[in-house]
Amino acid sequence: MTALTAPLDVAALRADFPILGRTVRDGKRLVYLDSGATSQRPRQVLDAEREFLERHNAAVHRGAHQLAEEATDAYESARARIAAFVGVTPDEVVFTKNATEGINLVAYAMGNAATAGPESARFVLGPGDEIVVTEMEHHANLVPWQQLAQRTGATLRWFGVTDDGRLDLSDLDALVTERTRLVAFTHQSNVLGTVNPVAALVARAQAVGALTVLDACQSVPHAPVDLAALGVDFAVFSGHKMLGPSGIGVLYGRRELLGSMPPFLTGGSMIEMVEMARSTFAPPPQRFEAGVPMTSQAVGLGAAVDYLNAVGMDRVAEHEHALTVAALAGLAEIPGVRVLGPGLDAAGDVADRGGAVSFVIDGVHPHDAGQVLDDEGVAVRVGHHCAWPLHRRLAVPASVRASFYLYNDLGDIAALLDGVRAAQRFFGVA
Amino acid sequence: MQLQQMYQEIILDHYKNPHGRGLREPYDAESFQVNPTCGDEVTLRVRLAGDTVEDVSYEGQGCSISQASTSVLTDLVVGRGVADALSTMDAFVELMQGRGQVEPDEDVLEDGIAFAGVAKYPARVKCALLGWMAFKDALARTGGQA
Ligand SMILES: Cc1ncc(COP(=O)(O)O)c(C=O)c1O
Numbered sequence: 001m002t003a004l005t006a007p008l009d010v011a012a013l014r015a016d017f018p019i020l021g022r023t024v025r026d027g028k029r030l031v032y033l034d035s036g037a038t039s040q041r042p043r044q045v046l047d048a049e050r051e052f053l054e055r056h057n058a059a060v061h062r063g064a065h066q067l068a069e070e071a072t073d074a075y076e077s078a079r080a081r082i083a084a085f086v087g088v089t090p091d092e093v094v095f096t097k098n099a100t101e102g103i104n105l106v107a108y109a110m111g112n113a114a115t116a117g118p119e120s121a122r123f124v125l126g127p128g129d130e131i132v133v134t135e136m137e138h139h140a141n142l143v144p145w146q147q148l149a150q151r152t153g154a155t156l157r158w159f160g161v162t163d164d165g166r167l168d169l170s171d172l173d174a175l176v177t178e179r180t181r182l183v184a185f186t187h188q189s190n191v192l193g194t195v196n197p198v199a200a201l202v203a204r205a206q207a208v209g210a211l212t213v214l215d216a217c218q219s220v221p222h223a224p225v226d227l228a229a230l231g232v233d234f235a236v237f238s239g240h241k242m243l244g245p246s247g248i249g250v251l252y253g254r255r256e257l258l259g260s261m262p263p264f265l266t267g268g269s270m271i272e273m274v275e276m277a278r279s280t281f282a283p284p285p286q287r288f289e290a291g292v293p294m295t296s297q298a299v300g301l302g303a304a305v306d307y308l309n310a311v312g313m314d315r316v317a318e319h320e321h322a323l324t325v326a327a328l329a330g331l332a333e334i335p336g337v338r339v340l341g342p343g344l345d346a347a348g349d350v351a352d353r354g355g356a357v358s359f360v361i362d363g364v365h366p367h368d369a370g371q372v373l374d375d376e377g378v379a380v381r382v383g384h385h386c387a388w389p390l391h392r393r394l395a396v397p398a399s400v401r402a403s404f405y406l407y408n409d410l411g412d413i414a415a416l417l418d419g420v421r422a423a424q425r426f427f428g429v430a
Numbered sequence: 001m002q003l004q005q006m007y008q009e010i011i012l013d014h015y016k017n018p019h020g021r022g023l024r025e026p027y028d029a030e031s032f033q034v035n036p037t038c039g040d041e042v043t044l045r046v047r048l049a050g051d052t053v054e055d056v057s058y059e060g061q062g063c064s065i066s067q068a069s070t071s072v073l074t075d076l077v078v079g080r081g082v083a084d085a086l087s088t089m090d091a092f093v094e095l096m097q098g099r100g101q102v103e104p105d106e107d108v109l110e111d112g113i114a115f116a117g118v119a120k121y122p123a124r125v126k127c128a129l130l131g132w133m134a135f136k137d138a139l140a141r142t143g144g145q146a
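As given, the protein sequences belong to chains A and B, one line each in that order.
Numbering-wise, my numbering puts 75 at position 75 of the first sequence, and it's gapless, one number per residue.
Numbering-wise, my numbering puts 60 at position 60 of the second sequence, and it's gapless, one number per residue.
Do not rely on the hints blindly, as some may be mistaken.
Derived EDC-like pairs (lysine to aspartate or glutamate); straight-line CA-CA distance at most 20 Å [unchecked claim]: (1) A:28 x A:374; (2) B:120 x B:90; (3) B:120 x B:137; (4) B:120 x B:106; (5) B:126 x A:26; (6) A:97 x A:76; (7) B:16 x A:362; (8) B:16 x B:84; (9) B:120 x A:374; (10) B:126 x B:41; (11) A:28 x A:418; (12) B:16 x B:110; (13) B:120 x A:26; (14) B:120 x A:376; (15) B:126 x B:59.
Just so you know, the hints here were simulated from the structure itself, not pulled from any lab data.
Source: prediction; values computed, not measured.
Bound-form chain B, shown alone (with noise of 0.2 Å):
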């Protein structure tokens, strides 16, 4: 069975209780992203304090996929500075894009390494990505880096 494969479940779990869903105010910058090829979409905001990720809220409708890695994403970013959360996304990034080739480090990924079968899944990777590159535009649009 390749499904239990791509949907850990930790995945799942996410998928049924999102963390860190909502979208909060305040809030510095605000990314809407959307997944044209199937309508899946996020509306992330970022609060920063000072270098730290403050808060990260989200809300936005799609599978079970996009929706657990934005869930692990407000997991592995809130909290920490800026460059550590870049990074971060960088390992993530490297494992979706990876094939299934890229060995994950769960010091740096922790829930994020379930997805490591998605990552064998091409059509899939978009959707896994998807609230990750809301991260990312939202942080750019803080004017900080990214």
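Same shape as in the complex, but just chain A (with noise of 0.2 Å):
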């Protein structure tokens, strides 16, 4: 997508998505805020993946019949659509059930690299060797990490995170340093909305030599990524979070490096010879693909980045902007609202931030706020979200997140604030 058009007609989108159609709680309009944790398929998805089942479900990668030979074109007809949606090539994409899987697929094969062959030396890990996280990782991005050092006798490190929710970058060249072999950080935090900037981060951990893996769940959906131009050696993100199925995700691998990572998953599909006692694995992606693989999924995916090509993901991060800032304004009208992150600067703008706005009530905690929430027939998140450190960092027990994305408008972010002042008059607290 090039230049900017005119901005979305939310309207006529909402109508591709039946189930914003329904209401909840007795009649009350649903007002659906909870897309960083999983986002609505509009018609368009679900004919495809009906589509696909109804006409062409086979294997894929075997069989030499018709039938297999349509489903294997779909899925990789998929991803190569998912690939150019992200700005690499097919063969660097590896379909996973998910991100979390996608991490867990690099940690357990850089794991697996100590008794693989030579060309695997670069993912050895042992003990000297660190491994930096941040504190704002989602927990997908955090324990696998703790795992791989507790394995490998590696040490794990974090950055920081400022008052205003900030990755503190002040230690940067202290934190990342000739010990560091792999630096994993969030491109959006899924609480604070935060964008961190990743081309600093890349920077250093390409002086001296560490491999980089980016969390792009919460920005892949939201916003124009290249993930070849943000230098990256690995990215992970989510099919559900971006109107495409569950059980679908994509670990993004630079060529030369999945070319000489060990698998992690080992059985059918994923090699080249098998012998009694021995076998050799497939090039990538076939190599992190063992087993029957998700196949509807993966074209119901490629059906969502179609659908994400045709609105413009200029248009939709534009968009969710404005809502965001009308987001943080009217919550900063409320007394006794915390907003977690960055919040809006003197001329009524935030720059590097996704539509994540996370809250905290005096006197309501958020379970209670999202219940009332709730009645109103507004789906937010309550809890951690996946972040325990980070909320930790920030001093709140938990925290309300309300996230956007292109099927909401302005109706939808007033009926948050009126739900918000519901809350603080039943808790008696306004």
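With the hints in hand, could you dock these two chains into one complex?
Set out below in structure tokens:
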């Protein structure tokens, strides 16, 4: 997509999402503000899955019958479109169950590197080596690295978070050093909305020869992302957060890295040659896709990417930015509400911030606030959003998170703000 | 309005003025419980005198439901025999897991019947049971029954 044209026609878009037409809790209009957890799917995606299953379903990369051929074509065509969507080539795209599995794939492959061939040497970790993460990571980009450190004897270190919810890069050079073998960080925080400075982190990692892993779960669905241009070594994202099906995610890996990385799961499909006592492995991406893969899900994600391309990711990002600014401005006007993460500047705008707005309300526990919002038909997430250390850092046990997507409008933001005021009234704090 | 059904006055009263709150000495056993989906937590101590629950003291952070149900718990078990307390707990757990289909017995559950509305919200059942799970665990740690 090139230059910006008109703003989104949200009403027209919403007509593509059957679920948004339903009511909840005794006839309330559904106000869906939980796309950060999972997004809703347009008819085009549902139709693509159904069409595939009704016409072309077969196990891919096996068999020579016509359906097998068609299914394989559909699967590989989806891979090619998804790869193009994030600016990389199809052989650099590995299908996984979700982003979590993608991160684990890299972590386990690295754990396997010590007993693999010499070509895998650069993935081997041991005592004295360091893995650097950040305090704002989703558990999916933290726990696998804790475990890898435990298994290999490497040390886990992390960037802190500033009070206003930015990554604290003041100790970048002290933290990422010659000992650092891997830097794993999120592109956009699922709690704070903060968009991290990928270029600065990649530059430092490259300077010391460390690998980079980008958690792109909250960026790829919401803004144009060119993974090759960002220069990261690996990246992950999940289909269900970008209008696609659940059960499909993507691991991107630079070609030469995937080519020298040992497998994680082994078995059918991922082999080159098998004897009774040993096997050799297929080139990537097949090396990392053991067993019969998810197929209609890949097709559905391909359709989701087509849908997003047709809308235009620039316009999606611009639309969500407007919603984010409106939400931040509205919440700032409600006494007793504190937003976690970057707020509006003096000009009433905010840079490097996406559409996840988490907040706490004095005197109203997030669970209780979420219950009042739910009663009004407003679906938000409450809790620590799988970022417990981040909440600890910000000294709150939990928060309420509203997250936006292309099908939300200013009416949804108004419903959120009304719901917050209703919660304050209900619990007698306003 | 479904909200009032869930947040009965009794619950809000216990939330605002919790009974028995604070950690006290001496105690026989302590349990720390956390709800991993939301981070709510409670630390709860049990003091027995023979076969009687002499004191339950607790500290924690959490939503109105978890705080109020722990407050109600102290009303229901302190001064009771251990077996009695456990059967009250079973009645409360049955109510909470009943999806709104279980008719609570006020003679047994007293203020606890106010949580009948919460049972219709599966996501909140864990909140209501947090303190009770701590009580059960702490009792077990005293080396007694449970
Ligand atoms: C930033 C971030 N990373 C990772 C994940 C994990 O995604 P999934 O559960 O689809 O593997 C999520 C989703 O909750 C997320 O928001």
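Results of checking the hints against the structure:
no., hint, in the structure
1, A:28 x A:374, "10 Å, holds"
2, B:120 x B:90, "18 Å, holds"
3, B:120 x B:137, "25 Å, violated"
4, B:120 x B:106, "18 Å, holds"
5, B:126 x A:26, "24 Å, violated"
6, A:97 x A:76, "16 Å, holds"
7, B:16 x A:362, "14 Å, holds"
8, B:16 x B:84, "28 Å, violated"
9, B:120 x A:374, "14 Å, holds"
10, B:126 x B:41, "11 Å, holds"
11, A:28 x A:418, "14 Å, holds"
12, B:16 x B:110, "18 Å, holds"
13, B:120 x A:26, "14 Å, holds"
14, B:120 x A:376, "17 Å, holds"
15, B:126 x B:59, "17 Å, holds"
Of the hints listed earlier, those the structure fails to meet are numbers 3, 5 and 8, in rising order.
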